[in-house]
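**Student:** In case you want the letters, here they are:
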Amino acid sequence: DQQVKQNSPSLSVQEGRISILNCDYTNSMFDYFLWYKKYPAEGPTFLISISSIKDKNEDGRFTVFLNKSAKHLSLHIVPSQPGDSAVYFCAAMLYSGGGADGLTFGKGTHLIIQP
Amino acid sequence: DTGVSQDPRHKITKRGQNVTFRCDPISEHNRLYWYRQTLGQGPEFLTYFQNEAQLEKSRLLSDRFSAERPKGSFSTLEIQRTEQGDSAMYLCASSTRRGNEQFFGPGTRLTVL
Numbered sequence: 001d002q003q004v005k006q007n008s009p010s011l012s013v014q015e016g017r018i019s020i021l022n023c024d025y026t027n028s029m030f031d032y033f034l035w036y037k038k039y040p041a042e043g044p045t046f047l048i049s050i051s052s053i054k055d056k057n058e059d060g061r062f063t064v065f066l067n068k069s070a071k072h073l074s075l076h077i078v079p080s081q082p083g084d085s086a087v088y089f090c091a092a093m094l095y096s097g098g099g100a101d102g103l104t105f106g107k108g109t110h111l112i113i114q115p
Numbered sequence: 001d002t003g004v005s006q007d008p009r010h011k012i013t014k015r016g017q018n019v020t021f022r023c024d025p026i027s028e029h030n031r032l033y034w035y036r037q038t039l040g041q042g043p044e045f046l047t048y049f050q051n052e053a054q055l056e057k058s059r060l061l062s063d064r065f066s067a068e069r070p071k072g073s074f075s076t077l078e079i080q081r082t083e084q085g086d087s088a089m090y091l092c093a094s095s096t097r098r099g100n101e102q103f104f105g106p107g108t109r110l111t112v113l
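One line per chain: the protein sequences are A and B, in this order.
Just so it is clear: in the first sequence, position 4 is 4 by our numbering, and no numbers are missing.
Just so it is clear: in the second sequence, position 4 is 4 by our numbering, and no numbers are missing.
Only chain A is shown next, with the shape it has when bound in the complex (with noise of 0.2 Å):
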């Protein structure tokens, strides 16, 4: 059973445009959120999260958005640069209190900006 989900195997976004990747989860326990990003060949890179207490957290063109009620967070690119062309992994994890136990992560989206 897929506790994380990302519906969307692939986005198309023209370059300077908003970029708004999705993710749901089923587990009401996870507290605590993260997008990572990929590149071929390479390990996911951390990008940005957020905590179940929070709705909303921004670093820079990354905000990700935290909807607790409807189970459901969403990353925002804005505007999308052509480097932003990767898979973005949603991942969720319980809080322990004593630090990140394993993360679970949904299938990802292949995000491409288009020129």
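Hints are computed from structural coordinates only; laboratory data are not their basis.
Source: prediction; values computed, not measured.
Ideal Cβ placement from N, Cα and C applies to all residues, glycine included.
Careful, some of the hints might be misleading.
As the list claims (entries may be wrong) - Straight line, CA to CA, 30 Å or less: simulated DSBU-like cross-link-like pairs of lysine-lysine:
hint	chain 1	residue 1	chain 2	residue 2
1	B	LYS57	A	LYS5
2	A	LYS71	A	LYS56
3	A	LYS71	A	LYS5
4	A	LYS107	A	LYS56
5	B	LYS14	A	LYS107
6	A	LYS54	A	LYS68
7	A	LYS68	B	LYS57
8	B	LYS11	A	LYS107
9	A	LYS71	A	LYS107
10	B	LYS57	B	LYS11
11	B	LYS11	B	LYS71
12	B	LYS14	B	LYS57
13	A	LYS5	A	LYS54
14	A	LYS107	B	LYS57
15	A	LYS5	A	LYS56
16	A	LYS71	B	LYS57
17	A	LYS54	A	LYS71
Stated by the list, open to error - Short, incomplete list of chain B residues facing chain A, as computed with Cβ under 10 Å:
hint	residue
18	PRO43
19	PHE74
20	SER87
21	ALA88
22	LEU113
Use these hints to put chain B onto chain A, whose structure you have.
**Tutor:** Okay, now just chain B, sitting in the frame of chain A:
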């Protein structure tokens, strides 16, 4: 380079052989994680260590898999009697004890023929 490193980057082996992978975490990180990623999937958690103690193991970690972190620094992941279904990217990540963000290495791609 002070990031997470993994060795080897690629491994091709025949079915039935044993393989061992190594991970060196970021030096001040005392938590170390192993994940497996297959084509079209996100990384799947296998196990993690806090210092030298193995604190959690996924049910994905069959009896043929064993991980160690003997001195709380680098870690090894061994797969015995490899099967074709073990072909995957094996990722290592590390974090501080209080940090929620995990930082990943480049991975070891295993191909079992």
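**Student:** To test your reading of the hints: which numbers does this structure violate?
**Tutor:** Of the numbered hints given earlier, those the structure breaks are 19, 20, 21 and 22, listed in rising order.
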